[in-house]
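Asker: Chain by chain, the residues:
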Amino acid sequence: MNILNVENLSFSYAGCDKRIFNQVSFAADEGEILLICGGTASGKTTLLKCLKPELSPYGKISGKIMFMGNNIENVSSNLTTAVIGYVMQRPENQTVTHKVKNELAFCGENIGLSDAEIKRQIAETAAYFGLEALLEQETSTLSGGQRQLLNLAAVLTVKPKLILLDEPTSQLDPVAAGNFIGTLQRITNELGITVIIAEHRFEQLLPIVDRILMLKSDMQAVYGSVKEIADKMISSSEISQSLPSWMRLYGQFRCKFNSSVPITLSDGRNFIENNIKNDIKELKRTDCLMNKEIAVKLKDICFAYEKNKNDVLNGVTLNIRSQSIFMIMGSNGSGKSTLLSVISGILKPYRGKITIDGKCIDKCKAFGSISLLPQDVQTSFFCDTVKEELNGNLKSDIYDFSLYADTHPYDLSGGQQQLLAIEKLVNSNKSGIFLLDEPTKGLDGKMRQIIAEVVQKLKHSGKTVIAVTHDMEFAAMCADECGLLFNGEIISVDTPQNFFSSNLYYTTSAAKVSCNFYNGICNTDDLIKICHINGLKGVQ
Amino acid sequence: MKRLHPISLFALYVSVLASTMLVKNPVYSAVSLAGSVLIFMCTEIHSKFKELSFYALLFLILSVVNPIFNHRGNTPMFFLNDKPVTFEALFYGINSSAVLLSVLLWCRTLSVYLTNDKLLYIIGRRFPKIAVLLSMVLRFIPDMMNQGKKYLEYKNVNEKNADELGVKKYASVFSALVTWSLENGIETADSMKARGFELGAGKSADFFSFRTEDAVTVLLSTVSFVMTCTVLYFSNVNVDFYPNIIIPKIGYGIISISLILIAVYLFPVFFNFFIDKKRNRIITERKKI
Chain Y
1 MNILNVENLS FSYAGCDKRI FNQVSFAADE GEILLICGGT ASGKTTLLKC LKPELSPYGK
61 ISGKIMFMGN NIENVSSNLT TAVIGYVMQR PENQTVTHKV KNELAFCGEN IGLSDAEIKR
121 QIAETAAYFG LEALLEQETS TLSGGQRQLL NLAAVLTVKP KLILLDEPTS QLDPVAAGNF
181 IGTLQRITNE LGITVIIAEH RFEQLLPIVD RILMLKSDMQ AVYGSVKEIA DKMISSSEIS
241 QSLPSWMRLY GQFRCKFNSS VPITLSDGRN FIENNIKNDI KELKRTDCLM NKEIAVKLKD
301 ICFAYEKNKN DVLNGVTLNI RSQSIFMIMG SNGSGKSTLL SVISGILKPY RGKITIDGKC
361 IDKCKAFGSI SLLPQDVQTS FFCDTVKEEL NGNLKSDIYD FSLYADTHPY DLSGGQQQLL
421 AIEKLVNSNK SGIFLLDEPT KGLDGKMRQI IAEVVQKLKH SGKTVIAVTH DMEFAAMCAD
481 ECGLLFNGEI ISVDTPQNFF SSNLYYTTSA AKVSCNFYNG ICNTDDLIKI CHINGLKGVQ
Chain F
1 MKRLHPISLF ALYVSVLAST MLVKNPVYSA VSLAGSVLIF MCTEIHSKFK ELSFYALLFL
61 ILSVVNPIFN HRGNTPMFFL NDKPVTFEAL FYGINSSAVL LSVLLWCRTL SVYLTNDKLL
121 YIIGRRFPKI AVLLSMVLRF IPDMMNQGKK YLEYKNVNEK NADELGVKKY ASVFSALVTW
181 SLENGIETAD SMKARGFELG AGKSADFFSF RTEDAVTVLL STVSFVMTCT VLYFSNVNVD
241 FYPNIIIPKI GYGIISISLI LIAVYLFPVF FNFFIDKKRN RIITERKKI
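Here the protein sequences line up with chains Y and F, keeping their order. Quick note, in the numbering used here, the first sequence goes up one by one and the last residue is 540. Quick note, in the numbering used here, the second sequence goes up one by one and the last residue is 289.
Treat each hint with caution, since some may be false.
Calculated Cβ distances over 10 Å to all of chain F for the following chain Y residues [said to hold, decoys possible]:
1) F106
2) C107
3) D406
4) G520
Only pairs whose alpha carbons sit at most 25 Å apart, straight line, appear in this in silico SDA-like list of lysine to any residue [claimed, not checked]:
5) F/K129 x Y/K309
6) F/K149 x Y/S62
7) F/K168 x Y/Q89
8) F/K193 x Y/K309
9) Y/K348 x F/Q147
10) Y/K348 x F/V173
11) F/K48 x Y/T317
12) F/K150 x Y/S62
13) Y/K119 x F/E44
14) Y/K441 x F/D143
15) F/K193 x Y/K459
16) Y/K309 x F/E44
17) F/K155 x Y/E138
18) Y/K459 x F/K168
19) F/K149 x Y/D17
20) Y/K441 x F/E183
The hints are simulated quantities; they were obtained by calculation from the structure and are not laboratory data. This structure is a prediction, so every number in the text was calculated from the model and none was measured. Glycine residues also receive a C-beta, built at the ideal position from the N, C-alpha and C atoms.
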């Protein structure tokens with residue numbers, strides 16, 4: 001059954017003639033997942049908001065939105081509230097009430113359901129999403145992943161037909177994001193709900209979506225099945241870097257032959273096996289870390305938050321060389337951020353020694369040489385304009401903020417906020433050690449690339465970088481060494497090449513697709529390079 | 001008490017607090033004080049005895065303060081600075097501090113039993129929008145505290161060399177927090193709008209069930225309140241303190257309202273006690289098998 005039919009939709013904000021998007025047409029059937037993709041500021045959010053009458057932005061809208069056969073303007077607001085759900089990016093901003101059960105009741109209360117109905121829907125929804133144990137909990141105690149699941153569940157209590165999601169997983173770690181996307185697939189399959197999602201985590205999404213709408217920077221939009229649009233996504237400079245390795249590899253060789261775009265991992269592996277030689281197994285590496293001196297030395301660090309709970313850090317021993325990039329990975333709650341706090345001196349370990357540049361931080365105030373980029377970069381903004389944040393130094397080799405001098409930091413895109421925070425740290429103190437907590441959280445592939453370059457620049461300007469990240473593609477791009485934090489210890493410290501090719505789960509799409517064909521390939525650039533060196537099969 | 005429906009909890013406390021403050025009779029004050037201490041001991045407050053000894057100290061101080069400063073009354077016990085310290089004033093002090101203390105203790109236990117949820121339920125029956133607002137505040141405060149802590153940590157690590165005075169540091173953190181909350185509040189508002197807050201069907205969901213014991217509690221509380229008012233109107237139960245203590249003859253009035261007050265608070269205590277006991281018995285029986 002057709003749920004949504006959009007014809008020639010155009011929109012421009014009030015007081016501005018420039019159209020955000022122009023003549024967009026698409027449709028979504030019952031139980032389908034429609035992916036909306038596009039670069040930053042391509043109008044994804046605006047488009048989604050146009051589809052939800054309650055949030056419809058002020059401006060000039062033309063075209064037709066048909067919802068279940070009726071023009072959406074004529075559908076009563078009682079109905080649209082219930083049947084069209086909307087979930088946004090930051091999970092914590094969307095929770096309204098203080099307890100989980102009140103949050104689940106909120107929608108039903110507003111549309112005037114009876115107590116019995118509300119109770120039944122809470123019961124059903126909580127059971128479906130496994131939230132029963134959390135019902136009595138305060139919402140502020142939930143993790144990001146739990147909160148986002150709650151936001152989705154809260155919308156689902158009133159039996160929607162269509163759910164609109166605006167980058168719902170960007171603030172979640174990969175495991176929570178994977179679970180969330182899995183849940184989306186479940187609700188479409190089992191409940192027949194239509195999902196329209198704007199997102200840039202393509203690797204997990206592409207195999208499950210039915211149709212794609214791509215918004216291009218020139219305001220044109222293309223719409224079609226995954227196979228049709230995937231090809232166009234590869235050639236888009238805005239999107240291609242967020243795609244999994246095999247699709248980008250395909251893009252490099254596309255003109256040479258006619259095979260369809262590999263969408264899943266196995267498609268990608270077949271593509272390499274059938275098309276590319278593997279005579280040369282490895283890339284030559286030149287840089288060597290061994291001759292650099294040690295900048296940060298942790299010895300047997302133990303830390304616990306509460307008396308009767310297990311130690312969060314239990315004997316962390318780690319040597320980090322100066323002018324290198326060290327990436328710490330690990331699952332949620334494994335203590336990664338705690339470790340950074342301990343190194344930065346916010347938390348004090350009950351055992352062990354931290355030495356920075358040969359000085360023990362217990363005895364002298366060596367903290368001065370450390371900068372910490374918090375996970376939530378908004379906590380580093382204290383001023384009203386970018387200019388004030390940077391004390392007037394708008395131009396630097398990191399990023400040129402001249403265009404945004406009088407912009408409020410909150411009005412920058414997520415990636416720019418991240419860069420501003422880094423720039424501010426570089427500006428404000430001349431420290432040699434940078435601790436970065438999830439610097440690529442919520443960013444798309446293009447921005448990730450820029451951040452990776454910035455981190456490299458920091459290293460080349462003589463800084464030591466220690467980063468905690470969930471983003472394995474990012475680690476593979478720029479790390480000199482990687483370590484896994486597990487059970488309170490750092491294990492398997494290794495170069496990214498060895499680290500990712502010997503891991504099964506903690507690994508990148510490039511390592512997964514090249515495994516058994518080539519050795520030590522962990523990022524897309526290396527993959528493309530080695531494939532170019534090897535050349536195509538059947539071509540002399 | 002913890003099992004009571006918000007409505008019956010509310011009724012109980014209104015009746016107990018009102019009558020404690022209205023009736024000026026040592027017998028009645030003692031009954032109320034005994035009840036508040038009993039209920040206080042039934043709560044699951046951490047270090048109850050420590051808190052109770054603080055209240056006891058408060059009781060002593062308040063009782064002594066009145067005769068020191070108030071010299072009315074015809075029966076001087078001794079003279080302090082040429083001023084009489086009278087028995088009447090001491091007696092009045094003891095009585096009024098008993099009232100004050102029992103009100104304090106009743107309120108203390110009310111803050112334990114009237115959880116946020118129950119409070120919101122009571123407000124939400126009549127003012128649903130205010131209930132949502134309160135619930136939002138309850139969600140927002142811990143979130144904001146967390147965020148504030150993060151701002152401070154940032155300052156402590158990255159700007160430790162900056163010559164910012166303590167006050168200035170906190171001021172800039174506070175200003176940043178305000179910006180943060182306003183910015184992110186827009187998204188919360190959108191989320192509320194998207195979920196139909198503006199439709200204003202307005203009604204908070206009922207998560208509590210009204211059971212027999214609630215009906216009994218409401219009935220007892222109402223009877224107690226009505227009887228107190230009647231007794232106060234028709235007979236003289238209030239004690240006169242100055243210049244001489246005149247205690248009215250102990251009549252049916254004061255006895256009956258004291259008894260019903262005892263019933264009001266003892267009923268939920270015993271009810272809860274027996275339910276708990278049965279619960280534990282069944283659990284242990286199951287474990288034996």
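Asker: Now tell me if each hint is right for this structure.
Answerer: Tested hints:
The beta carbon of Y/F106 is not kept farther than 10 Å from every beta carbon of chain F, the shortest such distance being approximately 6 Å. Not every CB of chain F lies more than 10 Å from the CB of Y/C107, the least distance being 5 Å, so the non-interface label is violated. Residue-level check passed: Y/D406 sits 16 Å from the nearest beta carbon of chain F, beyond 10 Å. Under the 10 Å C-beta cut-off, the non-interface status given to Y/G520 relative to chain F holds; the minimum distance is some 36 Å.
A C-alpha spacing of about 41 Å is found between F/K129 and Y/K309, which places the hinted pair above 25 Å, so the restraint is violated. Our distance criterion of 25 Å between C-alpha atoms is broken by F/K149 and Y/S62, whose separation comes to about 47 Å. For the suggested pair F/K168 and Y/Q89, the alpha carbons sit about 33 Å apart, so the restraint of at most 25 Å is broken. A hinted pair counts as satisfied when its Cα atoms are at most 25 Å apart, and F/K193 with Y/K309 does not qualify at roughly 41 Å.
Between the alpha carbons of Y/K348 and F/Q147 the distance comes to roughly 21 Å, so the proposed pair stays at or under 25 Å and holds. For a cut-off of 25 Å, the pair hint linking Y/K348 to F/V173 stands: about 23 Å separates their Cα positions. Of the supplied pair hints, the one linking F/K48 and Y/T317 is violated, its CA atoms being roughly 45 Å apart against a limit of 25 Å. Under the criterion of a C-alpha separation no larger than 25 Å, the hint pairing F/K150 with Y/S62 is inconsistent with the structure, at around 45 Å.
Pair hint Y/K119 plus F/E44 does not hold up; C-alpha atoms about 29 Å apart against a cutoff of 25 Å. Between the alpha carbons of Y/K441 and F/D143 the distance comes to roughly 20 Å, so the proposed pair stays at or under 25 Å and holds. Taking the CA atoms of F/K193 and Y/K459, the gap is about 46 Å. The hint is violated against a cut of 25 Å. Between Y/K309 and F/E44, the direct Cα distance comes to roughly 23 Å. Compliance with the 25 Å bound is thereby established for this hinted pair.
In summary, the hint linking F/K155 to Y/E138 is not supported, as the alpha carbons are separated by about 29 Å, beyond the 25 Å threshold. Distance restraint check for Y/K459 and F/K168: the Cα-Cα separation of roughly 34 Å exceeds the 25 Å cut-off, and the hinted pair is therefore not satisfied. Proposed proximity of F/K149 and Y/D17 is contradicted: the alpha carbons are some 43 Å apart, above 25 Å. A C-alpha spacing of about 19 Å is found between Y/K441 and F/E183, which places the hinted pair at or below 25 Å, so the restraint holds.
Checked against the numbered hints given earlier, this structure breaks hints 1, 2, 5, 6, 7, 8, 11, 12, 13, 15, 17, 18 and 19; the rest are met.
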